[in-house]
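Trainee: Next come the chains, spelled out residue by residue.
2 protein chains.
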Amino acid sequence: MSFRVALAQINVTVGDFASNGSKIADAIRRAARGKADLVIFPELCVTGYSPEDLLFKPSFVQANLDLVRRLIPLTRKTTAVFGYVDKDRKGSLVNAAAVGAGGKLVASYGKMRLPNYGVFDEKRYFTPGSQPVLLDAVSAGAAGRSGALRIGLSICEDIWVDDGPCQAEASAGASVLVNISASPYHAGKLRLREEVLVRRAKETGAWILYVNLVGGQDELVFDGGSMAVAPSGKIFFRAPQFEEGVFLVDVPVRPAPHHDGLGVPARIPWRVSKGGAAVKRSVSPLRTEEEIFRALMLGLRDYVRKNGFTHVVVGMSGGIDSALTVALAAAALGKESVTAVSMPSRYSSAGSRADAEKVSRQLGVDFQEIPIEEVFQLWLGMLRPVFGKRAPDATEENLQARIRGTLLMALANKFGWLVLSTGNKSEISTGYCTLYGDMAGGFAVIKDVPKTWVYRLSRYANKHFGRDVIPESVFRRPPSAELKPDQRDQDTLPPYDKLDRLIKAYVEQNLPASEVRRHCGLPVKEVEKVLRMIDVNEYKRRQAAPGIKITPRAFGRDRRMPLTNRFKEPA
Amino acid sequence: MSFRVALAQINVTVGDFASNGSKIADAIRRAARGKADLVIFPELCVTGYSPEDLLFKPSFVQANLDLVRRLIPLTRKTTAVFGYVDKDRKGSLVNAAAVGAGGKLVASYGKMRLPNYGVFDEKRYFTPGSQPVLLDAVSAGAAGRSGALRIGLSICEDIWVDDGPCQAEASAGASVLVNISASPYHAGKLRLREEVLVRRAKETGAWILYVNLVGGQDELVFDGGSMAVAPSGKIFFRAPQFEEGVFLVDVPVRPAPHHDGLGVPARIPWRVSKGGAAVKRSVSPLRTEEEIFRALMLGLRDYVRKNGFTHVVVGMSGGIDSALTVALAAAALGKESVTAVSMPSRYSSAGSRADAEKVSRQLGVDFQEIPIEEVFQLWLGMLRPVFGKRAPDATEENLQARIRGTLLMALANKFGWLVLSTGNKSEISTGYCTLYGDMAGGFAVIKDVPKTWVYRLSRYANKHFGRDVIPESVFRRPPSAELKPDQRDQDTLPPYDKLDRLIKAYVEQNLPASEVRRHCGLPVKEVEKVLRMIDVNEYKRRQAAPGIKITPRAFGRDRRMPLTNRFKEPA
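Which chain is which? The protein sequence lines are A and B, in order.
1 is the number of the first residue of the first sequence in the working numbering; add one for each residue after it.
572 is the number of the first residue of the second sequence in the working numbering; add one for each residue after it.
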């Protein structure tokens, strides 16, 4: 005996009501064809997550309510739970789950726990819901009020807290807890989610049916990975990450005598018996390299496509960062949609120039070489009378980077392309990058990827493509910006393995200097110098292109630092 | 008979505990010398406002608590109330007011109403305080518990709400309500504050003593304008805006019999009788032009100085935006700290070139002319084979702007200057500006100033300097980017008076398209086109330099729009 649920892990777009509506309608139809008793959708799938200050536009909220009104009649055959923005009696906004059954709106649950930390600002927008909501799925065969399956609703954060609505719903007899989420990805997040859901299942003795959003929205990737967890804590079903799908799961439960309890339960039908042929198989979790690679692919693809671009252009130095960026672009968008441009100056080595071309050829993307030496020369001459006898310094290095940024932007403007910038997290942390230079671009694919992980993901890229699209020489060449003679990153920065541990401790974990030192193993002076570099370069990060969050704390809305900041971490 | 209070309207810096501590200590000493019974300081004056995610660093919170411990002993002669970050029993952070009296910490009040809208994220950081706090100022002459003046404490938002701690404190016998604030400026904000405080005074029958922070912090200016409001609603004392000061006010009150009530009141001494010679005179509110001009001066000066810069550089086209920016820089920093650079191309008119020099000479700032024609030519030649037969378009316009941006950044890099960008709100709203071009810079002084107000403030600039530093020709020349032959802003944009009304309605007030139309008087098609321009240019604003908020809703943290956004305001 079982209850068939369809986990509708869909990829919606913020504000695209027409397309989001079609996706929801289509999934409801597929669930009905699959004889599902219930189809569940992600949090705020009507509007897309997060709509941010669009929520302050009454026309936006109205368009969302209008769409809900059009969707509800589609629930005649299959009950659906989907996320939308509701208005309470006072007109305050509520992050809500609509329950449509028999073609009617039978209940609406308001999210009770509103996250207001990390990337979340939900208290800016929403009023918390005031009470749990229960549904009784009543089996067609069973008579009257006996023989029902009680289902409790919750939204994302609700299930992460220890004394939230889920516990109350279980106490009131719910043996199935439905949670609809928009839970953003970072490496390791899936395991965190599993731990929480397993704990809740064991603690409440209920089944957990969890649907997560999939897709990229600006700096966030929602990775899907919807699941069903048994009361024993076993993960009964695991949907793939990074893919859309409507996944049918037969949950082995029986009707129970009806408990009265919390609130007035809404009733939905339950077919009870059917075959299991349509039901999808569970997947295994991905390895970390593949998981991050696919998160970056999805985040990039969705940023490009949802913003109406069809082609990207990348400055290709022959170094590992640009190689990985171009490989990701080719993987995410197809090689026809990518142009790589090598822009050598007097300081570009023959090896890196050759590698730039080699990687491009291997990937099959359009490759162009446009040397910048002549325009760099002219600039130097023009600035000579102004600079006088001052020695060359970072100014001349930045100038080359800005000529390249200007060139890429000219190509993007003329051909309607999007520039992808190639900086990694180690660089953007320390300010080892040029504003309006290599930082120029519409999207910074690997900006949250530490340099040590750039290497690991590049190895994975070769696996992904099934051949060495990034040749060994790119891995072996010591990192260099090639902006002055014999330059090496390590002249300015600590070794990347130590630097990345420092960044993790300081940026992601907010540890004090003494702890940071212990984590990275660098001497006091060096740690002090690097922490200072991180602090004073906030102004560059503020003007950086958006990029995909893959760590527990990315720069941006996840880490809101003042620019004017005289605080020095005590040594 | 009176109670003497010192309103310490000070300008602190986020994270600069040494300097903030000195300022607070100095003001306590000045208040003591002035025989004040009580000195009150702004909200979070120990840390600076807002510390944002610095609050997540335990070392930051500890440095703040350490400073409080050092300040408390200074309150032996004069009671002080100052804002700091407290930790509650669970270790949660509280936005608090310390009361130091007789050299001891006699009470700490936790802000009960935490704003989490507009520019505020206080629920991200703080736990609300659980109860009002009262002080009894006991007159030295009066015997025992009779003859006291009961004072209620509150912090900023607390006094803006209709059923907050102020009402509770008044009900419990407070006849003086002290409110310590960090209330950011926008044009018209002072009047809003006065209305609220007057309403509270009348409603509670209490005196309101209100201290506001002064100074710039990134995009916000805190304008001071501290005040004392009588129970009648009369504004008894008004401190100047945009200036630091310790203002002594003799509040004409008498000791009253002691009421028992809410909580346990802390006791502080009250000298009761003294002369009024030291007391400062109240000021009149400024006219709007002067107020905004001074807000911009303060915001600019503080951004530059608090970030350790001593010199700024501005690209000077001869147009009104750059003229006003240079005038503001000269007014805020002194003419010796400003370099204006004219960078003419083939499209720069003789008139604007001459005006660029004229404005600079009038202001006495360093002036340089560096033509960009040669490097522009070289770029065009270099791009010709890549662009093929494609017609010139915005690409070539942007190219000129980016050459100028690169030039200014080269000067800034070489000489350690800060680039001020010159775009106004009308441009940045519609995207009529070039990313990495005229948008390049560390600070965008007038980015929240609509074009029509650029004219008004430029008129005021001439008044401020007492001569026509901006000549009539600059006011008269039709606005043009001068990036192609015979270009006029009005070829692309609606007339600025209508455009600015549209922006106000759409950006500041979130009105639907039909209302926007009514406000600006433009035809449907035109409104649709401009709303679309505003929406799709969010990506440019995301990479813009910070600038000073002067309107009720600036771009930035005040208006958090997704980049990926398919919502189209219904016509």
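Be aware that one or more of the hints could be misleading.
[Claimed, not checked] Listed below are the simulated PhoX-like cross-link pairs for lysine-lysine, each with C-alpha atoms no more than 25 Å apart in a straight line: (1) A:Lys123 x B:Lys1100; (2) A:Lys525 x B:Lys1069; (3) B:Lys906 x A:Lys123; (4) B:Lys694 x B:Lys658; (5) A:Lys358 x A:Lys498; (6) A:Lys358 x A:Lys23; (7) B:Lys594 x B:Lys628; (8) A:Lys57 x B:Lys594; (9) A:Lys23 x B:Lys1139; (10) A:Lys498 x B:Lys694; (11) A:Lys57 x B:Lys628; (12) A:Lys189 x A:Lys504; (13) A:Lys123 x B:Lys594; (14) B:Lys1055 x A:Lys568; (15) A:Lys123 x B:Lys694; (16) B:Lys960 x B:Lys1075; (17) B:Lys658 x A:Lys90.
I should point out that these hints are in silico values taken from the structure, not numbers from a laboratory.
What you are looking at is a predicted structure, and each value in this text was computed from that prediction instead of being measured.
Trainee: For every hint, state whether the structure bears it out.
Mentor: Consistency of the hints with the structure:
1. A:Lys123 x B:Lys1100: 33 Å, violated
2. A:Lys525 x B:Lys1069: Roughly 57 Å between the alpha carbons, so the hint for Lys525 (chain A) and Lys1069 (chain B) is violated.
3. B:Lys906 x A:Lys123: 46 Å, violated
4. B:Lys694 x B:Lys658: Judged against 25 Å, a Cα distance of about 15 Å means the pair holds.
5. A:Lys358 x A:Lys498: Between Lys358 (chain A) and Lys498 (chain A) the Cα gap is close to 30 Å, so the pair fails against 25 Å, i.e. violated.
6. A:Lys358 x A:Lys23: 41 Å, violated
7. B:Lys594 x B:Lys628: 24 Å, holds
8. A:Lys57 x B:Lys594: Violated, at roughly 43 Å.
9. A:Lys23 x B:Lys1139: Distance ~19 Å between Lys23 (chain A) and Lys1139 (chain B) Cα, so the pair holds.
10. A:Lys498 x B:Lys694: Cα-Cα ~35 Å, so violated.
11. A:Lys57 x B:Lys628: 35 Å, violated
12. A:Lys189 x A:Lys504: With Cα atoms ~16 Å apart, Lys189 (chain A) and Lys504 (chain A) stay inside 25 Å; holds.
13. A:Lys123 x B:Lys594: Given pair Lys123 (chain A), Lys594 (chain B) is violated - Cα atoms ~35 Å apart, limit 25 Å.
14. B:Lys1055 x A:Lys568: 48 Å, violated
15. A:Lys123 x B:Lys694: It holds: about 8 Å lies between the C-alpha atoms, which stays within 25 Å.
16. B:Lys960 x B:Lys1075: 42 Å, violated
17. B:Lys658 x A:Lys90: Violated, at roughly 34 Å.
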